[in-house]
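J.: With these hints in hand, go ahead and build the complete structure from the sequences.
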Amino acid sequence: MDKPTDTPKTDAPGNADKPVDDWVTGDEPMTGAQASYLKTLSEEAGEEFDPDMTKADASRRIDALQAKTGRGAND
1 MDKPTDTPKT DAPGNADKPV DDWVTGDEPM TGAQASYLKT LSEEAGEEFD PDMTKADASR
61 RIDALQAKTG RGAND
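When we follow my numbering, the leftmost residue of the sequence shown carries the number 1, and every step to the right adds one.
Keep in mind the hints are simulated off the structure, nothing from the lab. Glycine is no exception: its CB is placed at the ideal position from the N, C-alpha and C atoms. The reader is advised that the hints may include incorrect statements.
Here are the simulated DSBU-like cross-link-like pairs (lysine-lysine), alpha carbons at most 30 angstroms apart as the crow flies [claimed, not checked]:
hint, residue 1, residue 2
1, K39, K68
2, K18, K68
3, K18, K55
4, K55, K39
Taking CB as the label site, the calculated pair distances span [said to hold, decoys possible]:
hint, residue 1, residue 2, range
5, G72, K18, 18 to 24 angstroms
6, T25, G70, 15 to 21 angstroms
7, E43, D21, 17 to 23 angstroms
8, V20, G70, 20 to 26 angstroms
T.: Okay, structure coming up:
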């Protein structure tokens, strides 16, 4: 009998690696964390913050504003 291991599977992408268009919950309202970060990035970029974005749209907007402001995902 095979003994179970604690080693995670590596053949499936993690949530952070999954394309936004494939998110099951992408059409739900953005999370509080997304809203907070997006508001900060919007202020830094001098652009308007839209509080009514979906999770997927917020993720795309965060990526665009990170590129514009020079911020990375680890900042």
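J.: All hints are to be evaluated individually against the structure, with a verdict given for each.
T.: Against the structure, the hints come out as follows:
1. K39 with K68: holds (14 angstroms)
2. K18 with K68: holds (23 angstroms)
3. K18 with K55: holds (13 angstroms)
4. K55 with K39: holds (14 angstroms)
5. G72 with K18: 18 to 24 angstroms: Roughly 19 angstroms apart at Cβ, these two residues keep to the hinted range, so it holds.
6. T25 with G70: 15 to 21 angstroms: violated (29 angstroms)
7. E43 with D21: 17 to 23 angstroms: For E43 and D21 the Cβ distance comes to about 28 angstroms; the hint is violated.
8. V20 with G70: 20 to 26 angstroms: holds (22 angstroms)
Checked against the numbered hints given earlier, the structure breaks hints 6, 7 and satisfies all the rest.
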